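Chains as they are written, first to last, in my numbering: chain A, 161 to 406; chain B, 136 to 336.
Honestly, I wouldn't trust all of these hints.
The list that follows gives simulated cross-link-like pairs (lysine-lysine, BS3-like), each with its CA atoms no further than 30 Å apart [as the list claims (entries may be wrong)]:
1. K205/B <-> K333/B
2. K333/B <-> K228/A
3. K159/B <-> K333/B
4. K174/A <-> K239/B
5. K226/B <-> K228/A
6. K231/A <-> K239/B
7. K231/A <-> K174/A
8. K297/B <-> K256/A
Hints are computed from structural coordinates only; laboratory data are not their basis. Computed from a predicted model, the values in this text were never measured in an experiment.
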Amino acid sequence: MKTARVIYEESGHKWIALVRDPNRPEYLIDTNEYMVIDGDDAILLDPGGNEIFPAVFSALSAEFDPRKINKLFASHQDPDVISSLSLWLEFNPQIKCHISWLWTSFVPHFGGNQDTFIPIPDGGADLMVGGQRLQTIPAHYLHSSGNFHVYDPKAKILFSGDVGAALLPPGDESLFVEDFDRHIRHAEGFHRRWMGSERAKRDWCNRVSQLDIQMMCPQHGSIYRGEQVRRFIDWFAQLEVGLVKG
Amino acid sequence: MAAVVTQDTGRELRRIVRINEEIKSVVATAFKINLMAMNAIFLAKRAGQTALGFGVLSNELRRFAMDLQKQMTALREMTYGSVATVTALVKQARLNRVLERARKESSGLGRSIIDEFMRSRHGQAYARHREQIAALNRRLSQMIADTAQLVELGSVLARSAKIEAAYGGPFSTSLMQVSSDFERTIGEIQRSLESLTKQQD
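So that you can see chain A by itself, here it is in the shape it has in the complex (with noise of 0.2 Å):
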């Protein structure tokens, strides 16, 4: 089973991360789900796949009544990020899926209809939950050509998707990065091979540094904290990627 780790918590307002399943077979890629409170209001950012929906079903449901579920954001349409979609139209039919306009009928195989889908257009769209507004940040090929992070301007938590993402080896269960040059080492071969264009990191390290950020959560590994934030985009800058061999 994950473990819910609370990451921020102020007045009501609420960011729970998904993670680390020790009964997860090696042949799943590990994957961080987080969960936004607002209130009696929460969203389920990039919500999984299928074969990890009750690890994230159970360790969600300590902390928040799953039923009140009704918003997911997906970053992209792979399926370790969303395919455990028709899963939860189970327990909520009426369930929204916000996610970039290019996936909107191709994730349905995933399960859903034309109600289903909520789609952000190009340019990135406010998410509410809550009396909280989220904001959708553009990070298109970065790995997906319809691709977006979650910015939270009141915790000042940025939610990266693939962006930021280590492959760490077994045992290595930490929440936060530790010791970032260490890390970092398990970051490089994935961003080499798996984001795909110059410009596009570009122009997101551009975005990205314009905003207050305390800590990045990527989809897979730890989260980044403080100055360790302004240090990947630095070296995220000066990566060259879009490379077969790392």
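We have chain A; now place chain B onto it with these hints.
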């Protein structure tokens, strides 16, 4: 339970595939009969007065071939419907499996939500799909039986054509050859239908 369901649905899908293959073979044979009947009509015309009866029967055989093709198209549509239902059942079985795991991993609120969910909507959906498959199978059996009757008529027509061929004068040998071909080809269809009936048992 989920494993048993998956096994059942897997067997059901393989059965549908076998039925479809048999249908394809009957459709191809019906097309062959249609062409044979057209040739027989021309032959009867050339034979003239002596093959009038044979000509009538050839027309009837052609109509039979077209009816058979229509019947097989309906059968194929029905098996497509079965595929959709079995697929829904496979999906349901997969869902059951994941939910069962979620139930085991959860406690407190999560567990009670899943318990409640599985008791209500889930069990009903599974039972509904099983009933749909049973109903489709009953309709499929009925349609195969109807087709068998139609083919029996074709068989009678082929035998009558053989008798008529005997009165074909100088064309008798050619007409006999054509009517024997009809009889043999319709025999192939009868064997295919017997096989289809066995798939249903």
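Practice problem: Would you mind confirming whether the straight-line C-alpha gap from K226/B to K228/A stays at or under 30 Å? | Solution: At roughly 25 Å apart (the allowed maximum being 30 Å), K228/A and K226/B satisfy the hint.
Quiz prompt | Pairwise hint evaluation, K333/B against K205/B, where the allowed Cα distance is 30 Å at most | solution = Holds, at about 22 Å.
Quiz item: Given the hint that K333/B pairs with K228/A, does the C-alpha gap stay at or below 30 Å?
Solution: Distance of about 51 Å is beyond 30 Å: violated.
Quiz item: Taking only the CA atoms, is the gap from K159/B to K333/B under or equal to 30 Å?
Solution: Distance ~17 Å between K159/B and K333/B Cα, so the pair holds.
Self-check item: Agreement of K231/A and K174/A with the hint, judged by alpha carbon distance not exceeding 30 Å
Solution: It holds: about 15 Å lies between the C-alpha atoms, which stays within 30 Å.
Quiz item: Keeping to a limit of 30 Å between CA atoms, is the pair of K231/A and K239/B held or broken?
Solution: Satisfied, since the Cα-Cα distance of roughly 25 Å is no more than 30 Å.
Quiz prompt | Straight-line alpha-carbon gap K297/B to K256/A, limit 30 Å | solution = Not satisfied, since the Cα-Cα distance of roughly 69 Å exceeds 30 Å.
Quiz prompt | 30 Å Cα cutoff - pair K174/A, K239/B | solution = holds (27 Å)
Checked against the numbered hints given earlier, the structure breaks hints 2 and 8 and satisfies all the rest.
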